[in-house]
Amino acid sequence: MIEVSTVLVPTAPKQIFVEKKQLTLESLRGRVIGFIDNAKPNFKDLVDDLEQILIAKYGARKVIKLRKRAASIPAPTAYIDQLAGACDLVITGSGD
Amino acid sequence: MVAVEICSSAFVNLGRSQARALGYENLPIAVVPHPFGTVDRQIVRQFAEKCACDIVALVCLPPVTETLEDYQPIIEDVQGAAELTIEHAPNLMIAFNRLCRDRFWSDGLPVMPTTREAVSAMLAQTKRPPQQVVARLAPGFGVATVECIAINAVLAGCDPEYMPILLAAVEAMATQRFNLQSIQSTTNPAAVWLIVNGPIVERLGINGKFNCLGEGVWANATLGRALRLILRNVSGALPGEMDRATQGQPAKYSFCCAENEGESPWEPLHVERGFSSEQSTVTVVGAEGTMNMCTLVKEADELIRVIGSTFRHPTSNEYVHGAEPWLVLCPEHADILHEAGYTKSEVKRRLWEASKMQASELSKEDMSRLQSSRTTELGVIGADTLLPISHHYEDISIIVAGGSGAHSVYVPCFGNTRSVTVAIASDEN
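Protein chains in written order, with our numbering: chain X, 1 to 96; chain C, 1 to 429.
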């Protein structure tokens, strides 16, 4: 004989929230670009190369590079405040 | 301000899922091939050329007008748990377990049906309303409501009386210093270890004696398991998705014990951390694994020497970052140290000295991680630098647990995490 039971779902309840819009730039020309280096191997070299390319090829005005002590910690608030006050674009890293 | 994330390809799902959870569904992500950290310098340059093009393509788009709305915080409206109706014959267990298997709600072992009656019994153990938000849990930032914690406690097979411990443990895990974000999303095998202290240990029969880190006691097994199910189902850390652990470890099924306060010669962990002995507490630890230390040594300083020597290993995350190593002393080893006149603090101080490791033990690449992480703390780090395992000797944590026998356990922690001890609310236990 078929029976019917009701169970509760164990995943997080749904949340309704306002989605943030994706902001854009018309070009990188004259822009200030910030990097938060996650301190993973090779990321510093990637950031150095991107700095060179984004300035030489795409006309970025300035690059600000800040390096975290380790990948497994959040960026210090001071870094975020500094970049938020100075940059048009901020680039972070994730992964190995 | 515009933001872009650069992810190595194996981490794109994590980046995308976290961005979505925080309300940035469209966060631009530039992808570099994984593994990125081991490629040669000229390959990095090639990746940079491609990555720069990708960044430009991702951010240089027709303008979007910034509105005030963009700067408003996320507005949450947390709903109650969803219900599902299952048709089954002849019993609910089989159908429910098939459902959990299909939807990845189980840890891989059979689970208990989350009926309204079972969840209500769990909720009866707290005065908090079911929809109260206890925490938002990284990496998926799912909302852990009281009800949701209760549902996962039922799923794990917990007795209703265990509920207050889980509420406290979830609060503890969400504390910033615990760093759940990294514990959950790292490639490290980090598991969350629960240590219970105080009168609740005896009342609920939580094992701190023989085989306390092993199987066989309902409270230990189901409490640790419930926490893992919460981390999976609520915080969204599914293996290979947002949980990036390379192998993980068996403790990710369940890792919970009590301190054997009755056989400890010292004050228990929670008293050391400022709670009264009559207060019950739960401590969460981001644990990397367990290392058995069998030694029949009888002399205190020799015991400290061999334990310190066990701490040292060149692949340790603890020496790279300066961490919070844990020591589970068996009562016999604890007595040797106590009879030598050592307080717990003195044991830590001596162990901190005895466990220093020469930096040259590390590989060249790990030396670089070490220098990045600890130069501010230690000054210039060279091959001859003697590395302490933690910033301060008091960062070494000690509990006494286990039965008779000359086995203590070293529990290395994940690295950039600090344990958190929280009181189990008295009106809930």
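The hints are simulated quantities; they were obtained by calculation from the structure and are not laboratory data. No experiment lies behind these values; they were computed from the predicted model shown. Don't be surprised by glycine CBs; every beta carbon is placed ideally from N, CA and C. Honestly, I wouldn't trust all of these hints.
In silico lysine-lysine, BS3-like type, Cα no more than 27 Å apart, as pairs [to be verified]: (1) X:Lys62 - X:Lys21; (2) C:Lys127 - X:Lys14; (3) C:Lys50 - X:Lys57; (4) X:Lys65 - X:Lys20; (5) X:Lys14 - X:Lys44; (6) X:Lys65 - C:Lys50; (7) X:Lys21 - C:Lys127; (8) X:Lys62 - C:Lys50; (9) C:Lys209 - C:Lys298; (10) C:Lys298 - C:Lys364; (11) X:Lys44 - X:Lys57; (12) X:Lys14 - X:Lys57; (13) C:Lys127 - X:Lys44; (14) X:Lys44 - X:Lys62; (15) X:Lys65 - C:Lys127; (16) X:Lys44 - C:Lys209.
If you want the ones that stay clear, here's a sample from chain C, every Cβ over 12 Å from chain X, calculated [stated by the list, open to error]: (17) Ala30; (18) Val39; (19) Leu204; (20) Lys209; (21) Tyr253; (22) His313.
Against the structure, the hints come out as follows:
Taking the CA atoms of X:Lys62 and X:Lys21, the gap is near 25 Å; set against the 27 Å cutoff, the hint holds. Taking the CA atoms of C:Lys127 and X:Lys14, the gap is near 23 Å; set against the 27 Å cutoff, the hint holds. About 13 Å separates the Cα atoms of C:Lys50 and X:Lys57, which keeps this hinted pair within 27 Å; it holds. Of the supplied pair hints, the one linking X:Lys65 and X:Lys20 holds, its CA atoms being roughly 26 Å apart against a limit of 27 Å.
A C-alpha spacing of about 39 Å is found between X:Lys14 and X:Lys44, which places the hinted pair above 27 Å, so the restraint is violated. Between X:Lys65 and C:Lys50, the direct Cα distance comes to roughly 20 Å. Compliance with the 27 Å bound is thereby established for this hinted pair. Distance hint between X:Lys21 and C:Lys127 is unfulfilled; the C-alpha atoms sit about 39 Å from each other, more than 27 Å. Our distance criterion of 27 Å between C-alpha atoms is met by X:Lys62 and C:Lys50, whose separation comes to about 20 Å.
Taken as a hint, the C:Lys209 and C:Lys298 pair is honoured in the structure, with Cα atoms around 21 Å apart against an allowance of 27 Å. Distance hint between C:Lys298 and C:Lys364 is unfulfilled; the C-alpha atoms sit about 38 Å from each other, more than 27 Å. For the given pair, X:Lys44 sits about 20 Å from X:Lys57 by alpha-carbon distance, which is consistent with the 27 Å threshold. Between the alpha carbons of X:Lys14 and X:Lys57 the distance comes to roughly 45 Å, so the proposed pair goes past 27 Å and is violated.
Distance hint between C:Lys127 and X:Lys44 is unfulfilled; the C-alpha atoms sit about 51 Å from each other, more than 27 Å. Taken as a hint, the X:Lys44 and X:Lys62 pair is honoured in the structure, with Cα atoms around 17 Å apart against an allowance of 27 Å. Restraint check: the Cα-Cα separation between X:Lys65 and C:Lys127 comes to about 50 Å, which exceeds 27 Å; the hinted pair is violated. The hinted pair formed by X:Lys44 and C:Lys209 fails the criterion: a straight-line CA distance of about 49 Å is larger than 27 Å.
Taking the minimum C-beta to C-beta distance to chain X, about 8 Å, the non-interface status of C:Ala30 is violated against the 12 Å cut. The claim that C:Val39 is not at the interface with chain X is violated, since a C-beta of that chain comes within 12 Å of its own (minimum 7 Å). No beta-carbon of chain X comes within 12 Å of the beta-carbon of C:Leu204; the shortest separation is about 22 Å. Listed as outside the interface, C:Lys209 is consistent with that label: its C-beta sits roughly 32 Å from the nearest C-beta of chain X, beyond the 12 Å cut-off.
Residue-level check passed: C:Tyr253 sits 16 Å from the nearest beta carbon of chain X, beyond 12 Å. With 12 Å as the threshold on Cβ separation, the claim that C:His313 sits away from chain X holds: the shortest Cβ distance comes to roughly 19 Å.
Taken one by one, the earlier hints fail for this structure at numbers 5, 7, 10, 12, 13, 15, 16, 17 and 18, listed in ascending order.
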